[in-house]
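> Sequence:
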Amino acid sequence: MPVLPSSTEKFKAAPRPPREFDVRTIPAKFLTMRPSAAQGSYSSGLKKNIFIGLILVVVIGGAMALAAWLFLKSVKKENPPVVNAPLVNTQPATLDQQPIAVAPTTTEMSLDYLLDTSRWQLYTDSVYQYALKYPAEWTVKPASLPSIAYVLSSLAIQDQNGLSDITISIFDNSNNLTLSDWLDQEYNLEAIDCENYKLDNQDACRYNEVTGQSFVVYALYNKNFYVLTFLLSDKTVVNQVYTQILNNWHFPPPLPADEEEETGLDTSPAIDSDADGLTDSEEIIYRTNKNNADTDNDGYQDGLEVANLYNPIIAGSAKLLDSDLVKTHVDENYHYNLLYPSGWRIRETSNYIIFQDVTGEEFIQVIIEDNSSNYKDVKEWYQKYLKQDPALLTDLIINGDTPAIMTEDKMKIYFFFGGNVYGLIYNPNTRQYGNFFTTFNMVVKSFHLMSAN
7 MPVLPSSTEK
17 FKAAPRPPRE
27 FDVRTIPAKF
37 LTMRPSAAQG
47 SYSSGLKKNI
57 FIGLILVVVI
67 GGAMALAAWL
77 FLKSVKKENP
87 PVVNAPLVNT
97 QPATLDQQPI
107 AVAPTTTEMS
117 LDYLLDTSRW
127 QLYTDSVYQY
137 ALKYPAEWTV
147 KPASLPSIAY
157 VLSSLAIQDQ
167 NGLSDITISI
177 FDNSNNLTLS
187 DWLDQEYNLE
197 AIDCENYKLD
207 NQDACRYNEV
217 TGQSFVVYAL
227 YNKNFYVLTF
237 LLSDKTVVNQ
247 VYTQILNNWH
257 FPPPLPADEE
267 EETGLDTSPA
277 IDSDADGLTD
287 SEEIIYRTNK
297 NNADTDNDGY
307 QDGLEVANLY
317 NPIIAGSAKL
327 LDSDLVKTHV
337 DENYHYNLLY
347 PSGWRIRETS
357 NYIIFQDVTG
367 EEFIQVIIED
377 NSSNYKDVKE
387 WYQKYLKQDP
397 ALLTDLIING
407 DTPAIMTEDK
417 MKIYFFFGGN
427 VYGLIYNPNT
437 RQYGNFFTTF
447 NMVVKSFHLM
457 SAN
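As numbered in our numbering, residues 7 to 459 make up the sequence shown, in order.
Check each hint, because a few of them may be wrong.
[As the list claims (entries may be wrong)] FRET-style restraints, in silico, Cβ to Cβ: (1) Asn303 to Thr145: 49 to 59 angstroms; (2) Leu183 to Ser379: 14 to 24 angstroms; (3) Thr242 to Asp383: 45 to 55 angstroms; (4) Thr217 to Thr436: 14 to 24 angstroms; (5) Ser116 to Phe257: 27 to 37 angstroms.
[Said to hold, decoys possible] Calculated lysine-lysine pairs in the BS3-like style (CA-CA distance at most 27 angstroms, straight line): (6) Lys390 to Lys333; (7) Lys147 to Lys241; (8) Lys451 to Lys325; (9) Lys333 to Lys296; (10) Lys296 to Lys416.
To be clear, the hints were calculated from the coordinates, so they are not data collected in a lab.
We treat Cβ as the ideally placed atom computed from N, Cα and C, and that holds for glycine.
Just need the whole structure built from these sequences, with the hints factored in.
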């Protein structure tokens, strides 16, 4: 049986056909929104860049202005020159505005007190025969030896604050040169370069160095050259002190002409009463009998024993080294040792040492100089550096195997060791006779070089 539709389905209306409708599009103005937004973003970025640029300009300009300010601030105004007037306090110290004087410092004090020669000290060199006076506040001390042939001594006079600087050097004139010849030989100075000068009434010359920083006085007296170098100061008083030192310089009175002719150098021994090779002065040193040529009666003369380092008052093989007649000097810097009479005095600097007899008139000296020119042997050095004729030299050996040379007067011995030139020199000074030739031979015989290592 066919199924009949329900009443609901029966009366349901049939579907309507679709209605027509309009298709609408987005307005054109909305389609152009994105380009407009992009344009706005570009304008905003440009404004931002301009703002940042302005900030950079301000920062850089400010930095440059600050740098200029700091530079101008760092430039100090030059102070006016200082005058030697009492210092005053610029701050009021009392109610009525009266300033209080401030005590001057050491460097600001007046130096006029240095000119009071009554307070000066006396320095006397009995070996090189001169005397001078200098301010008590200054000091005298050894100075480095200059690199000039036959230098004997050098000392400095200085102020502790560095206001003054004086150097006095002494040179041996064993070749009997005139002052002008020596200056030409050693300094290439001619007479026209020096102005005539008097040093204690002795002929001298004064040379103002081209640098304008110092002046030098050269003098010749009693077979020695004297070189006085003064470093000029910016203190007027110090330069005035220099003048006073020169005015107070003193050489001992020269001998009368007839006596001077009689006092030529004589290298033969002085008085030797028993002819044993020891002068009477040396007999005192070694406590021997000046009237007995062989004090210890051992068959050897006293002078022969001393020269060979034996004790002349003890028979047999007793050595001087083991007695109290001599002392040993050891130089660690230049690697040598030697014997010298125990009663003699020692004067020592960095480059030389002097063994001086008790009278202070004669001495034995050891001088050491650097072989800076690298001479091959001591004869070449003697000829080129000292400008002497090597044909007059005598060859000898010291220290057992060290070649050496001895001058014609037998008072100077030179040799090389460890890059240095050594000189052993006997200087009888102004004595008519040399009293200590045997003692000099003893010193040379005892001279011992130690390993430079």
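> Would you mind marking each hint as holding or not holding in the structure?
Cross-check of the supplied hints:
Under the hint 49 to 59 angstroms, the C-beta atoms of Asn303 and Thr145, about 54 angstroms apart, fit the expected range. Our hint of 14 to 24 angstroms for Leu183 and Ser379 holds, since their Cβ atoms are close to 22 angstroms apart. Checked against the hint of 45 to 55 angstroms, the C-beta distance between Thr242 and Asp383 comes to roughly 52 angstroms, which is consistent with it. At roughly 37 angstroms, the beta carbons of Thr217 and Thr436 sit outside the given window of 14 to 24 angstroms.
The given range of 27 to 37 angstroms is respected by Ser116 and Phe257, whose C-beta atoms sit roughly 33 angstroms from each other. At roughly 36 angstroms between alpha-carbon atoms, Lys390 and Lys333 are farther apart than 27 angstroms, so this suggested pair is violated. At roughly 22 angstroms between alpha-carbon atoms, Lys147 and Lys241 fall within 27 angstroms of each other, so this suggested pair holds. Restraint check: the Cα-Cα separation between Lys451 and Lys325 comes to about 13 angstroms, which is no more than 27 angstroms; the hinted pair holds.
Our distance criterion of 27 angstroms between C-alpha atoms is met by Lys333 and Lys296, whose separation comes to about 22 angstroms. Our distance criterion of 27 angstroms between C-alpha atoms is met by Lys296 and Lys416, whose separation comes to about 25 angstroms.
The structure shown violates the earlier hints numbered 4 and 6.
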